[in-house]
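Numbering-wise (our numbering), the sequence shown opens with residue 76 and increments by one.
Among the hints, erroneous ones may be present.
[To be verified] Restraint-style ranges between C-beta atoms, simulated for each label pair:
id, residue 1, residue 2, range
1, His-194, Gln-244, 34 to 40 Å
2, Ala-151, Asp-125, 19 to 25 Å
3, Arg-264, Arg-119, 15 to 21 Å
If you are wondering where the hints come from, they were derived from the structure by calculation, not from laboratory data. Each residue gets a CB set at the ideal place from its N, CA and C atoms; glycine is no exception.
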Amino acid sequence: MSRVAAGARVLALVAATVVLAASPACVQSDARRPGSATMSPQTRAMQRDDAQNPAMLWVADGEALWSRAAGPAGRACADCHGDARASMRGVAARHPAYDEASRRPVDLGQRIAACRQRHQQAGPLAPESHERLALEAYVALQSRGMAVAPPADPRLDAHRERGRALFHQRIGQLDLACAQCHDANAGKRLGGSTIPEAHPTGYPIYRLEWQSAGSLQRRLRGCMGGVRAEVPPYDAPDLVDLALHLASRAAGMIVDAPGVRP
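Construct all of the structure, not just a fragment, from the sequences and the given hints.
Laid out in structure tokens, this is it:
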């Protein structure tokens, strides 16, 4: 048996140890728990202490980029938006949001990349690039302690519903849906780890497994690959619609970005 086939068999056997009955409803709002609640005390302490949180290295770089001129326009983010501590307060809590130019929802990383191109006339920031993650982490930090507040924008309704459908759709060779793990079996163990409820309150996160910061899109793509499904490219509409649904599930929960995860 090849190593790939053996790995797939092991993953399937581990998944089979969890009862994977689909849940018809999302986690109730009075019982929701953030991803940090499933972590060890040591990892929680690392997230709470900015001096120990590795993601703060990206925040520091994002703060420097905020005031650095870029592109032919020779403008910095601060030239338009001023002090991020005031102007960016609550922005991360309201994304994904509708983008007039593209006529569809965009997440925070996409909004930053588009703003940089449109107003600074600078080159594109690639998904998961250090600069894009740094600016996203810096902006997300300004919403720490605020409630997740998805926009009540009717233009998002169809995308939000599509994200909900994707969350409940079985995919991949393992024939699993997001809801089967993160709704029906949240809190149980899978492969030695506690299954979280999939509330995106801490992104971008520093994941110890990655030894790097990463976006929600990276985490979603990792889950898709884990169930042996076709993985969409970064910034694909499926990923943003899923993120929009996840934000709706997390509405009212507290932003704790940038997070740390195992």
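Item to check | Asp-125 and Ala-151 - C-beta distance against the hinted 19 to 25 Å | outcome: holds, 24 Å
Next on the checklist: If I claimed the Cβ atoms of Arg-264 and Arg-119 lie 15 to 21 Å apart, would that claim hold in this structure?
Outcome noted: Once the Cβ atoms are compared, 18 Å apart, the range 15 to 21 Å for Arg-119 and Arg-264 holds.
Next on the checklist: Given the hint of 34 to 40 Å, is the C-beta distance from His-194 to Gln-244 inside that range or not?
Outcome noted: Roughly 37 Å apart at Cβ, these two residues keep to the hinted range, so it holds.
Of the numbered hints stated above, none is contradicted by the structure.
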